[in-house]
Amino acid sequence: MIDGAGTVKHMQERLGAEVLDARAPKPRRAFVRVSRGAFGEAIRHAVLDLEFSHLIAITAAEAGEEMEAMYHLACMGATVLTLSVRVPKGDAVLPDISEIMPNAAIYEREAEEMTGIRFEGLKDDSNLVLPKGWPSGVHPLRKDQTYEGLIKVRLDLEKG
Amino acid sequence: MGYASTIKVPFGPQHPALKEPEHFLFEVDGDTVVGVTPRIGYVHRGIEKALELSTYGHGIYLAERVCGICTIAHTCCYAQAIEELMGIDVPPRANYIRMIMSELERLHSHSLWVGLVAHEAGFDTLFMYAWRDREAILNLFQELTGGRVLHAINTLGGVRRDISSEMADRIRRTLEHFEGRAREYLRIVRTEPTFLRRTRDVGVLKPADAARLNAVGPTLRASGIKGDVRRDDPYAAYDEMPFNVITSDSCDVFGRTEVRAEEMVESIGIIRHALEHLPEGVFRVRAPRNVPAGECVSRVEAPRGEDMHYARSNGTAKPDRYKIRAPTLANIPALCKMLVGIHVADIPIILAGIDPCFSCMDRMVFIRSGGATGRAR
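Taken in sequence, the protein lines are chains A and B. Residue numbers for the first sequence follow numbering that gives the first Met the number 0, so the first one is 0 and each next one is one higher. Residue numbers for the second sequence follow numbering that gives the first Met the number 0, so the first one is 0 and each next one is one higher.
It is worth saying that the hints were derived from the structure and are not from the lab. Hints may contain errors.
[To be verified] Each computed DSSO-like pair below joins lysine-lysine, with the alpha-carbon atoms no more than 27 Å apart: (1) A:Lys131 - A:Lys88; (2) A:Lys122 - A:Lys158; (3) B:Lys317 - A:Lys142; (4) B:Lys205 - A:Lys25; (5) A:Lys151 - A:Lys131; (6) A:Lys88 - A:Lys142; (7) A:Lys131 - A:Lys158; (8) B:Lys18 - B:Lys317; (9) B:Lys317 - A:Lys131; (10) A:Lys122 - B:Lys7; (11) B:Lys317 - A:Lys88; (12) B:Lys205 - B:Lys317; (13) B:Lys225 - A:Lys131; (14) B:Lys336 - A:Lys131; (15) B:Lys317 - A:Lys122; (16) B:Lys317 - B:Lys7; (17) A:Lys142 - A:Lys158; (18) A:Lys151 - B:Lys317; (19) A:Lys131 - A:Lys142; (20) B:Lys336 - A:Lys122; (21) B:Lys205 - B:Lys225; (22) A:Lys25 - A:Lys8; (23) A:Lys88 - A:Lys151; (24) B:Lys336 - B:Lys225; (25) B:Lys7 - B:Lys18; (26) A:Lys25 - B:Lys18.
[Said to hold, decoys possible] Negatives, chain B to chain A, calculated, CB over 10 Å: (27) Thr36; (28) Pro90; (29) Glu142; (30) Val148; (31) Ala167; (32) Ala210; (33) Asp227; (34) Pro241; (35) Arg285; (36) Arg320.
Ideal placement from N, C-alpha and C gives every residue a C-beta, glycine not left out.
Here chain B stands alone, though its shape is the one from the complex (with noise of 0.2 Å):
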């Protein structure tokens, strides 16, 4: 048992098992990992620099582009917290917008997620039926906002575009369909026994260790923890919602899974509640161009858990100081952990675990392009 010395392996920027670039150097003895170091920040873009060289009109773009996947979090957490500092009352209306786009969001955002850890455990059958069924959400995009990806629904002072009844009968009955598929994620990643056995006891977070090292977000929940910003410090109209936190005990990646598969359900019936109680009047208010100076944090629960911004502004059109944390960075230490005494066979299905968007946690490294005129990539 042991080797007389371990080895260091690489693991990334560039791999097959991560979809975006980062590196994980891994200290292994034999085949049991028993160290491991992170090194982020290979897609950082300098989006807080670019936030203070912009205006805040300007910003919500910027703050559009930090992650492809979890756009609307983050426009909601800036437009929040700019709103906050111009002391302007958003419409009910647009608030109940901005949730059920929110929640819209958190459905592409775990079936894509149930499809890559689906991948992962060599099952790609799910991962086929979990990517095709998400079209349907990335059409309603598509139709409500002229985007698939990025969306421009939130804007300083309101939403961009309204949702009309027919476009809320077209997300009732999309969601009709999408209800049965999540139950059926439900029951396959309950049932299918090769699933189970891959993702049971692997990637153990402790509830303890996940409360110790900050956790967010479905891994938090996943360790028994209680934890959603929608329920602790509720945004929008979240406080209006009648909607379970799920949790699970099983503290791995199984119960990473059946979390993010439950919250599904829970997403779809919180949207039903707001189109059914969606509140009559105006979707946009008039923003001003500066800002008096002041403060704030704000924040959301994006798909993959606590995202936070903190605003500072100084009286002139652009903010003095822009912080961006996404929900990654923070359970970085959380999987750290989680990587220590596995399997090396494991550390593909464990790092997918915590729904990794580096593009997201990354934020700030300028790339070149362009030569001498210095655009962004």
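This is chain A alone, in the form it adopts within the complex (with noise of 0.2 Å):
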């Protein structure tokens, strides 16, 4: 079983340069953020190769003008890896990994509704946890958000 140290170390000879920020804080943990356009292979690479075949979840966040979608990968449900990406906040739009790990449409579109990055390619973007009739371009995860403000959208919605 790869340990997080070697997790970071075949990340980096994989993908050279476009490895942004690698580190293994704890045996079982690996925390690697990657250039967006060495995404799609650096996923490839941890789920196909390295067999980091389990996605625990997506978490989205901010991360100052940008954007961020980390991916928490688990091998053999010991080692967890946190693979990162970070897009403008502008074009903030990611591919939809289905394809290679079928469960994760479900994180994706919660990452979608609360954060605002969009997910190419998903099959059903309509709404999973936010209520019917959310107004679109509302996502109560994101820092400009309050929580008064996120009440009055409910209570707006309540109304009619």
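Make the complex out of the two chains shown on their own, each in a separate frame, by following the hints.
In structure tokens form, the structure reads like this:
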């Protein structure tokens, strides 16, 4: 079984300068950030070659002027690789990875609704978690959305 | 054979077979399900957003309220994540107490579930026995922590309450009784012909599908795959505990029942071993208010399977991003696979088979109450 440091080494060997940040703070943890252009190759390499075949979740977050998607992948249930990629807020689009990870769609849909990153190729992009009729463009987990503002959206929705 | 066209049957969000609100749109051809579309989010409460707006100390109370059944799993996962970011080591005694509490939680959750699946199978006697016996564990929680449902036992830096030697004896006595009951459930589910006919070959999930769709917990293990965070990625002091990861090759609702019933016996063994080897010393260390910038992934094996929390700190007293992925969400793709091709009458028992906890799964939508004050209901 591959450990955190081994994962970082393999990813760096394969992707070279496309790995923008990589560290293994614990034996069973690795965090690797890759450039947008290399994301497809990085996730394929992790899933198909390094056997990180268990997608635990996708965390989407704001990172300054960019949006970040973090794919938490586990190898043999043990080592967890967090593979992340950043995209500018104005062009926050990433490919859907359902083809190599059949369970990715639910996490992608959740991330899309909550943060506004769009996953190109999603077969069903209807609301999965937000209520019916929720205004498009209001993404609750964006930093500019306040709790009070979101409650107002919800109240307006109920009023119709 | 076959109808000219299929019809769509909505199931939930309010439905007698669902204990919590969720919606499934079934496409049926006669009595056979040919497609299913899940719709979640009915009990989203904005917890991830609320965590970003709360201090780390406050966050543990929010984590406690993600779910009423796996409350210890979530607080344990939260505390582990924040302690790692803070760079503090939890005293060994606290780790043992966390583990004892987690296994007691597994006992009460699994016995609740055995009751529910028996109920869905039309076997209400077992349902009532299981829920009656579960009371003993809830009473233990009350004595140990003051709360039967929410326990507030975990805190940043350790646990809030110690386990005295008198309490340890009381836990041992309760377990002695409970072990007999757990073995009795195991005997019943393995031998009762009506239960076997109702659960065998129902809700089949082949090992290849369980792995491909990333199922977790007893749902995964009942498909013959030995995946358990306690063994694969040990936390607290699980690496010092002797226990077996229970699996079943039957890949159906029967297998899921058998795995959970056997896991109860294993949990009892873990608690006994932990009580026997409970380290001396403090059970809590002081946690700082601010957390240095960093990120971490924390995992625990909740009663329903792998629970993951991701935390990113920015050097302030509040997290920059906090993500929670509860096991039920991970099991939804596998559940949809199990539900296709089945008879409509099997829907409730298959749904119950993954031990769904929709409150856990949903975290983030905003419910109105209190008018302008916007207080959570």
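* To do: Say whether it holds or is violated: B:Pro90 keeps its Cβ farther than 10 Å from all Cβ of chain A.
  => Since the minimum Cβ distance to chain A is about 19 Å, B:Pro90 lies beyond 10 Å and the statement holds.
* 27 Å limit on alpha-carbon distance, applied to hinted pair A:Lys25 and B:Lys18 -> Distance of about 40 Å is beyond 27 Å: violated.
* Taking the shortest Cβ-to-Cβ distance between B:Arg320 and chain A, state whether it exceeds 10 Å. => B:Arg320 not clear of chain A: closest Cβ-Cβ about 4 Å, inside 10 Å.
* Given the proposed pairing of B:Lys317 with A:Lys142, does the C-alpha separation stay at or below 27 Å? -> holds (13 Å)
* Grab the minimum beta-carbon distance between B:Pro241 and chain A and tell me whether it stays above 10 Å. => At about 19 Å from chain A, B:Pro241 clears the 10 Å cut-off, so the statement holds.
* Do the alpha carbons of B:Lys7 and B:Lys18 lie within 27 Å of each other, as the hint requires? -> Holds, at roughly 22 Å.
* Asked: Straight-line Cα separation of A:Lys142 and A:Lys158 no greater than 27 Å?
  -> holds (26 Å)
* 27 Å limit on alpha-carbon distance, applied to hinted pair A:Lys151 and B:Lys317 -> holds (24 Å)
* Does the structure keep A:Lys88 and A:Lys151 at a Cα separation of 27 Å or less? -> Judged against 27 Å, a Cα distance of about 24 Å means the pair holds.
* **Given as non-interface: B:Ala167, partner chain A, CB spacing beyond 10 Å** => The assertion about B:Ala167 holds, with a minimum of 32 Å to chain A.
* To do: Starting from B:Lys205, check that the Cα of A:Lys25 is at most 27 Å away, please.
  => violated (34 Å)
* **Consistency of the no-contact label for B:Arg285, given chain A and a CB cut of 10 Å** => Answer for B:Arg285: holds, closest chain A Cβ roughly 23 Å.
The earlier numbered hints that this structure contradicts are 2, 4, 8, 9, 12, 13, 15, 16, 26, 27, 32, 33 and 36.
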